[in-house]
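Chemist: Each chain is listed here by its residues.
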Amino acid sequence: MTKTREKAASRFDERLSLVAGLLQRFTWESTGNEQMKRIELGGSITIDDSAALWKRIGESISDLKDARSVEIDLSRIRMIDGACMALLVHFRSDVRARRIRCEFVGGAAEVERIVDLYGGHKKAKRKRTEREPANAVEQVGDATLAVLREIQQILDFFGQLVVSAILAVKNPKTVNFHDVGPTMERAGADAAPIVVLINFLIGLVMAYQSSAQLKQFGANIYVVDLVAVSMTRELGPLMTAIIICGRSGAAFAAELGTMQVSEEVDALRTLGFMPLRHLVMPRMLGLIVVAPFLVLLADAVGITGGMVVAATTLDITPTSFLIQLKGAVKPSDIISGLVKSVAFAGAIALISCQQGLATSGGAEGVGRRTTGAVVSILFALVVLDAIFTILLAGLGL
Amino acid sequence: MTTPLIRVRELSLGHGHTVLLENASFDVARGDIFIILGGSGCGKSTLLRHLIGLETPLSGKISISGIGAPRLEGAAPRYGVMFQSGALFSSMTVGENVGFALQEWTELPAEEVSAIVRAKLTLVGLEGAENKLPAELSGGMKKRAAIARAMAFEPSLIFLDEPSAGLDPVSAAELDELILALNAGLGLTVVMVTHELESIFKVGKNCIMLDRETRSIIATGDPNHLRTESEDPRVRQFFNREAGGA
Numbered sequence: 001m002t003k004t005r006e007k008a009a010s011r012f013d014e015r016l017s018l019v020a021g022l023l024q025r026f027t028w029e030s031t032g033n034e035q036m037k038r039i040e041l042g043g044s045i046t047i048d049d050s051a052a053l054w055k056r057i058g059e060s061i062s063d064l065k066d067a068r069s070v071e072i073d074l075s076r077i078r079m080i081d082g083a084c085m086a087l088l089v090h091f092r093s094d095v096r097a098r099r100i101r102c103e104f105v106g107g108a109a110e111v112e113r114i115v116d117l118y119g120g121h122k123k124a125k126r127k128r129t130e131r132e133p134a135n136a137v138e139q140v141g142d143a144t145l146a147v148l149r150e151i152q153q154i155l156d157f158f159g160q161l162v163v164s165a166i167l168a169v170k171n172p173k174t175v176n177f178h179d180v181g182p183t184m185e186r187a188g189a190d191a192a193p194i195v196v197l198i199n200f201l202i203g204l205v206m207a208y209q210s211s212a213q214l215k216q217f218g219a220n221i222y223v224v225d226l227v228a229v230s231m232t233r234e235l236g237p238l239m240t241a242i243i244i245c246g247r248s249g250a251a252f253a254a255e256l257g258t259m260q261v262s263e264e265v266d267a268l269r270t271l272g273f274m275p276l277r278h279l280v281m282p283r284m285l286g287l288i289v290v291a292p293f294l295v296l297l298a299d300a301v302g303i304t305g306g307m308v309v310a311a312t313t314l315d316i317t318p319t320s321f322l323i324q325l326k327g328a329v330k331p332s333d334i335i336s337g338l339v340k341s342v343a344f345a346g347a348i349a350l351i352s353c354q355q356g357l358a359t360s361g362g363a364e365g366v367g368r369r370t371t372g373a374v375v376s377i378l379f380a381l382v383v384l385d386a387i388f389t390i391l392l393a394g395l396g397l
Numbered sequence: 001m002t003t004p005l006i007r008v009r010e011l012s013l014g015h016g017h018t019v020l021l022e023n024a025s026f027d028v029a030r031g032d033i034f035i036i037l038g039g040s041g042c043g044k045s046t047l048l049r050h051l052i053g054l055e056t057p058l059s060g061k062i063s064i065s066g067i068g069a070p071r072l073e074g075a076a077p078r079y080g081v082m083f084q085s086g087a088l089f090s091s092m093t094v095g096e097n098v099g100f101a102l103q104e105w106t107e108l109p110a111e112e113v114s115a116i117v118r119a120k121l122t123l124v125g126l127e128g129a130e131n132k133l134p135a136e137l138s139g140g141m142k143k144r145a146a147i148a149r150a151m152a153f154e155p156s157l158i159f160l161d162e163p164s165a166g167l168d169p170v171s172a173a174e175l176d177e178l179i180l181a182l183n184a185g186l187g188l189t190v191v192m193v194t195h196e197l198e199s200i201f202k203v204g205k206n207c208i209m210l211d212r213e214t215r216s217i218i219a220t221g222d223p224n225h226l227r228t229e230s231e232d233p234r235v236r237q238f239f240n241r242e243a244g245g246a
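Protein chains in written order, with our numbering: chain B, 1 to 397; chain H, 1 to 246.
Here chain B stands alone, though its shape is the one from the complex (with noise of 0.2 Å):
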């Protein structure tokens, strides 16, 4: 593979070379002594030269080994366009990296005013002290330290809400009731069949892999229970959960990224709108309310799925697979559901707002929030499913 490279590019250097000789229109001669170099530039460059003027570059540089200072000499260069001084201009900064002093001189007006047009009479920039790159154990702390700081910042945002809340709770006039309708209906009725569809098939799913495995015992009966349960205490609320934060929790980020960076939210505090109350509580409660319900259906239509399946590879009857379910399934597993969709759609819309308002640096800025909302989403909500299975399994739920 690098032989193939550096044939390649043994050939294009070549070619580059046969280019240069051809085009060659512009004088290149180089004098004084080891120390002190003058390189005097004629006729016309422009860029047809380029390809020469480049390859002459590179030849110069090299017979620089011993130089303190090179002189380029444009006096007699009648013509000389952008292209071309931009390459001369690199090729002075590269002299000048080499610790050699390095000037343009002598160019007549129109020459001159290229030169300075590219910067070619700026004085030597001392080159800043470039920091080395962090090493393997310095990036994951930067990077745990960022996640604990975007975890600080949440919980800030959380204390706030809360904060927030109760004083609303005296003065609700200042909540804004109006949105949590739309939120409803957007959160809510517009996600009902992305919920069934995807419920549905799991719950297909589910029920085919599981009933594989459970024909071999002779128990096909049991997949109803695998089913149920699975559906109401686990996959329906965490699947839903997963839905909402796509759907809404993106919407809610990137809405509310927008509104910042365009001066909205700063708008609404300046007529006197509180932000947390006008825009986030609306948002938390439309996605409190609703998350129940699209658990509801999601393990309606998860066990459905398995029902189907089971009646068209198991031979379990849709009245069998009731009756089954009945017993199956008690009414702590379902309230275990519901709890949890709550506590998701509440991440959600807490973690959504305060990334959408954490937003900066115009539309880049919006799509790096939004990106960070649905991320830290997913991820709260694996850590809370954690957390409530253990506690409802220690209050014996």
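The set of hints was computed from the structure by calculation and includes no laboratory data.
Just so you know, not all the hints are guaranteed correct.
Stated by the list, open to error - Below, a sample of chain H positions facing chain B; criterion: calculated Cβ distance under 10 Å: (1) Phe26; (2) Gly41; (3) Arg49; (4) Leu54; (5) Pro57; (6) Lys61; (7) Gly74; (8) Pro77; (9) Met82; (10) Phe83; (11) Gln84; (12) Phe100; (13) Trp105; (14) Glu130; (15) Leu133.
What the hints assert, rightly or not - Computed Cβ-Cβ distance ranges for the label pairs, DEER-style: (16) H:Pro169 with B:Ala109: 26 to 36 Å; (17) H:Ala181 with B:Gly362: 51 to 61 Å; (18) B:Gln153 with H:Leu180: 41 to 51 Å; (19) H:Gly166 with B:Met79: 38 to 48 Å; (20) H:Ala181 with B:Ala143: 52 to 62 Å; (21) B:Arg99 with H:Pro169: 43 to 53 Å; (22) B:Gly82 with H:Ser138: 31 to 41 Å; (23) H:Ala165 with B:Ala143: 37 to 47 Å; (24) H:Ser138 with B:Glu6: 55 to 65 Å; (25) B:Leu155 with H:Ser138: 42 to 52 Å.
Beta carbons: idealized from backbone N, C-alpha and C, even for Gly.
For this one, chain B is given, so just place chain H on it according to the hints.
Modeler: For chain H alone, kept in the frame of chain B given last:
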């Protein structure tokens, strides 16, 4: 001597560890058109945000009508603000934008709010635009609508952030005329940030010029006077549109 409407004393402000302005003190008189000037990055808009109350200073005091630390949220607006982009609520019509705060903070019936909205839009030359969405408006119209929204509560003070930025010369001139008319007709005090020299000389009665290097106010007074009389090369350079050295 009359009490100034805005009094700023030893104000220091910045973002995080970056200090943009140190120990700045100035007053804005009632009925003034006061302009905050300076090169890019010197903290003009940040100063305006501090005056409005959107940000908290590192140190120092700002008082408006004798009341310090203006509280923005949870009460009807005490003054009007127009942001650089207009910052109209994109999901609302122009009329809803203008009447939004009135509906929330007053007990006025809907018809009265509508009448006020129409009056404010007429004041800024946007009669008949109440049912349009902000996306349907030109840049100049958006800024006029934002001024109408800022004027909804009949404030005696209005803050404008770069009102003529991004406008064609005709729209910019019309906006200048509007600012002068509001100042002369209603006695409105205007505090604005702008780069536009024409606007500065046309509408400005007083100004301060901020300097990024020294993080201080380097000139105070009538911009037309400073243009000719200031001996500070930085001030002359700004007013005479001279390119910076090096």
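Chemist: Each hint needs a verdict: does it hold in this structure or not?
Modeler: Consistency of the hints with the structure:
For the restraint placing phenylalanine 26 of chain H at the interface with chain B, the shortest Cβ-Cβ distance is roughly 22 Å, beyond the 10 Å limit, so the hint is violated. For glycine 41 of chain H, the suggested interface contact is broken, since its CB lies about 16 Å from the closest CB of chain B, more than 10 Å. Interface hint status for arginine 49 of chain H: upheld, as the beta-carbon distance to the closest one in chain B is roughly 8 Å, under 10 Å. A cut of 10 Å between beta carbons decides the hint on leucine 54 of chain H: the least distance to chain B is about 6 Å, and the hint holds.
Contact between proline 57 of chain H and chain B, as hinted, is not supported at the beta carbon level, the nearest pair being about 17 Å apart and thus beyond 10 Å. At a threshold of 10 Å, the smallest CB-CB gap from lysine 61 of chain H to chain B is about 20 Å, leaving the interface hint violated. For the restraint placing glycine 74 of chain H at the interface with chain B, the shortest Cβ-Cβ distance is roughly 6 Å, inside the 10 Å limit, so the hint holds. The interface hint given for proline 77 of chain H holds, since its Cβ lies 5 Å from the closest Cβ of chain B, which is under the 10 Å cut-off.
With a least beta-carbon distance of about 9 Å to chain B, the hint placing methionine 82 of chain H at the interface is held under the 10 Å criterion. Nearest Cβ of chain B to the Cβ of phenylalanine 83 of chain H: about 4 Å, under the 10 Å cut. The hint holds. A cut of 10 Å between beta carbons decides the hint on glutamine 84 of chain H: the least distance to chain B is about 7 Å, and the hint holds. Against a cut-off of 10 Å between C-beta atoms, the interface hint on phenylalanine 100 of chain H holds, since the closest Cβ of chain B lies about 7 Å away.
Of the supplied interface hints, the one on tryptophan 105 of chain H holds, with its beta-carbon coming within about 6 Å of a beta-carbon of chain B, less than 10 Å. Interface hint status for glutamate 130 of chain H: violated, as the beta-carbon distance to the closest one in chain B is roughly 18 Å, over 10 Å. Annotation: leucine 133 of chain H was flagged as interfacial toward chain B, and the flag is violated, the nearest CB pair being 14 Å apart, outside 10 Å. Between proline 169 of chain H and alanine 109 of chain B the beta carbons are some 34 Å apart, a value that agrees with the proposed interval 26 to 36 Å.
At about 34 Å, the CB distance of alanine 181 of chain H to glycine 362 of chain B disagrees with the hint of 51 to 61 Å. Range check, glutamine 153 of chain B to leucine 180 of chain H: about 45 Å between beta-carbon atoms, so the 41 to 51 Å window is met. For glycine 166 of chain H paired with methionine 79 of chain B, a C-beta distance near 39 Å keeps the hint of 38 to 48 Å intact. About 56 Å separates the C-beta atoms of alanine 181 of chain H and alanine 143 of chain B, a value consistent with the hinted range of 52 to 62 Å.
At about 51 Å, the beta-carbon gap between arginine 99 of chain B and proline 169 of chain H stays in the expected band of 43 to 53 Å. With their beta carbons about 37 Å apart, glycine 82 of chain B and serine 138 of chain H fall inside the hinted range of 31 to 41 Å. At about 39 Å, the CB distance of alanine 165 of chain H to alanine 143 of chain B agrees with the hint of 37 to 47 Å. Between serine 138 of chain H and glutamate 6 of chain B, the C-beta spacing of about 59 Å keeps the proposed range 55 to 65 Å intact.
Between leucine 155 of chain B and serine 138 of chain H the C-beta distance comes to about 44 Å, which sits within the given range of 42 to 52 Å.
Taken one by one, the earlier hints fail for this structure at numbers 1, 2, 5, 6, 14, 15 and 17, listed in ascending order.
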